[in-house]
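> Each chain, written out:
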Amino acid sequence: MKVLVPIKRAVDYNVRVRVKNDGSGVELNGVKMSVNPFDEIANEEALRLKEKGVVTEVVVATIGVAKAEDQLRSELARGADRAIHVVADQDIQPLQAARILKKLVEDEGIDLVLMGKQAIDDDANQTGQMLATLLGWPQATFASKVEIEGQTARVDREIDAGIETLEVDLPAVITADLRLNEPRFIKLPDIMKAKRKPLDKRELGDFDIDVPTLEVTETRPPSGREPGRMVKDVDELIATLKDKGLV
Amino acid sequence: MSKILIVAETLSGELHPTTAKAVACAQAIGGDIHVAVFGSGDQGPAQAAAEIEGVTEVLYVQHDENNAARAATLAPQVVALAAEGYSHLLAANTTTGKDLMPRVAALLGVPQVTDIMAVHGPRDFDRPIYAGNAITRVQAPGDFVLVGTVRTASFGAAGGGNSAAVSDKAVDAELPSHTRLVEQKTGGGDRPDLQTASRVVSGGRALGSSENFDIIFKLADALGAGAGASRAAVDAGYVPNDMQVGQTGKIIAPDLYIACGISGAIQHLAGIKDAGTIVAINNDENAPIFEIADLGLVGDLFEVVPQLTEKLG
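Protein sequence lines, in the order shown, are assigned to chains A and B.
If you're matching positions, the first sequence starts at 1 in my numbering and goes up one per residue.
If you're matching positions, the second sequence starts at 1 in my numbering and goes up one per residue.
Next comes chain A alone, as it looks inside the complex:
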């Protein structure tokens, strides 16, 4: 079974993002970029399936700027077998990404797509579901447990009300939630080895991404909260809450 793990280069989750003064977006200059954390979890899951003998090959792919090769190399170092880089300088929206990934799935004969449930930059939470739909495949989003048996996957999903278990026929798209696993650390010798793993470049022009898109007209910081104050004990807390009519 061949698995595709689409990944995205995003601002590192430890960075406190800053909106540019002209409202044109978020400052990316000189900011640490990393693999979207949910995608690391997806790759880890693919690698564990390979170690169990369920999966034969793990292919990581990204759509993004030339520097996104760094992120592909780190997932190769984690253990993926090879990488595909669709080089794109423009902003790619989820439906466009899904169309590109659909073509990769078809070109590569992929049986299972494992990807993050969302990217922590645009927080769209759409691409996996859209990809599954375009392929006519089932989806199991927000996965916290994945078991593959023959031609079906049994997936525990983190839903608002608790945990839901779905059974889906393969091929399928599964999107990773936080508690699916804890990704292994990348070791230095593996980083060296990853430099020799195959990485194919594809041009954006090879893909049909002519779909309606949304336009971001402004980016601004969220409105702040009024500064609070400290109370000295429970009685003062209760009195203040009563004053505000909250209890």
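Note that these hints are calculated values from the structure, not bench results.
Please read these numbers as outputs of a predicted model, since none were measured by experiment.
Beta carbons: idealized from backbone N, C-alpha and C, even for Gly.
Hints are all accurate, no fakes.
To be clear about the criterion: a stretch of chain B counts as covered by chain A if any three or more of its residues have a C-beta under 8 Å from a C-beta of chain A, and this derived list gives those stretches: (1) 70 to 76; (2) 111 to 123; (3) 130 to 137; (4) 170 to 180; (5) 234 to 242; (6) 270 to 284; (7) 291 to 301.
Given the coordinates of chain A, work out where chain B should sit on it, guided by the hints.
Frame of chain A, contents of chain B only:
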């Protein structure tokens, strides 16, 4: 004029309260507001949807497959309804809405606006990015059907007392058989739903154990509040994941939020910053939660929380 279809959400045979929040967003857009309720026989949720203020018609779609709601089987039904001239298809940005609506959008070949938090015009919205650390204004040029999910923390529920017409609707759609629901394990309980509760009490890792969380539940019950937890408490196994408040859990906006023993990681703060009044109780006076709290109390939560419960009970 806009013609808006809201995809209702049901849980355990009841209309989910977030549906009324999606209706509130539709009211901000303005236009004719219909609600689609998908079921397998019981019209109860459809009747409940008809009571929501601003709704002009409820479409009840019956199908045997709808006894177990799944994105794969719901999406073709929503798309079949969309053909009737709707300008907008909206659902609450719950795990159900997040799972379903991109499937609907992809079937229609259109983009989706996730997590609408404010409406500037029928095709002009604000939505959060970077866990709410930035807000973008997004427009949808053209006239394609606008698919979106509604940030429930940003809209108060539309009122009740309405009696919109409920009509049975048969949809002609082929439903796939590749996705089967095996089971749902829901925390449930009698406490108010986190996403709609007016008061929420949450506990963090400082609680130290599953048993100790009892003091959180007792305070929540004394206040008639929902009970939540930080990611650290969930990851430590003290409470189930459906209690997690934060960017990766539930984003909530109660009138009163009481954080007990929660340090205030960025991702937790992202989930509560729309709350009315935030109270923080923590023994570390330097905890980041105090930077966002309206009222802070430095103290041992094992003393403070039971005292609060006793005096408020």
